[in-house]
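Asks: All chains should be built: construct the whole structure from the sequences, respecting the hints.
Residue strings, one per chain:
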Amino acid sequence: NAGVMQNPRHLVRRRGQEARLRCSPMKGHSHVYWYRQLPEEGLKFMVYLQKENIIDESGMPKERFSAEFPKEGPSILRIQQVVRGDSAAYFCASSPPSTSSYNEQFFGPGTRLTVL
Amino acid sequence: GNSVTQMEGPVTLSEEAFLTINCTYTATGYPSLFWYVQYPGEGLQLLLKATKADDKGSNKGFEATYRKETTSFHLEKGSVQVSDSAVYFCALSAGTSYGKLTFGQGTILTVHP
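Residue numbers (the numbering used here), protein chains in the order written: chain X, 1 to 116; chain V, 1 to 113.
To be clear, the hints were calculated from the coordinates, so they are not data collected in a lab. If you're wondering where the values come from, they're calculated on a predicted model, not measured in any experiment. Note that the Cβ used here is the ideal one computed from N, Cα and C, for glycine as well. Just to be clear, a hint being listed does not mean it is correct.
What the hints assert, rightly or not - Stretches of chain V that chain X covers, calculated by requiring three or more beta carbons in the stretch to come under 8 Å of a beta carbon on chain X: (1) 44-55; (2) 67-76.
To be verified - Computed list of lysine to any residue pairs in SDA-like fashion (alpha-carbon distance at most 20 Å, straight line): (3) LYS52(V) - GLU104(X); (4) LYS44(X) - LYS52(V); (5) LYS62(X) - GLY85(X); (6) LYS71(X) - PRO10(V); (7) LYS44(X) - GLN45(V); (8) LYS27(X) - LEU46(V).
Replies: Below, the structure written as structure tokens:
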């Protein structure tokens, strides 16, 4: 069973361009989470999605950022008109459907975004 | 809101030394607590967890006890190895959105032979 896949692993964009980060959850997992790690900081929650639904987007910046998890295909984190402050490592995690109060999250290797 | 505070790093130890990484938290309700480890170039891996007060999580020689009275979840290992060199993150899940993990800032551990 392959782990959580993220691509690309490294992404370089110029200011004003768009960045698209992809996350394929583990097989059988229907929950996806995105986190951002700025230099010298811990991971910060951005958004929690289930198939075709955004469950919690309280950590997403109000502008330029969006996320989706379609019925088919990977989850996409999209950043429009990138700025230098968007340079960070973006991690995706997935978990299986469960009725328990906590689902263990399995993390991908991350996408390191550099904005020139 | 929820928050996690880890001891300042980095931490440098010799092989077979005793390790403690402090972690304290503030949270609404009764959080679940976790330690994650991140090896260079890789994603985070769950190291251990505890879901209620006085629970002890353990894995690979690492231990942490959920202390509600001191709101702490300190990570310990009796004898570290070079292969334990990594970044360690304390985290919690609490409140109405159990999907959200709140992380500490991470502690870099380097173990020398």
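Asks: Checking each numbered hint in turn, tell me which of them this model violates, lowest number first.
Replies: Per hint list: 2, 4, 6 violated.
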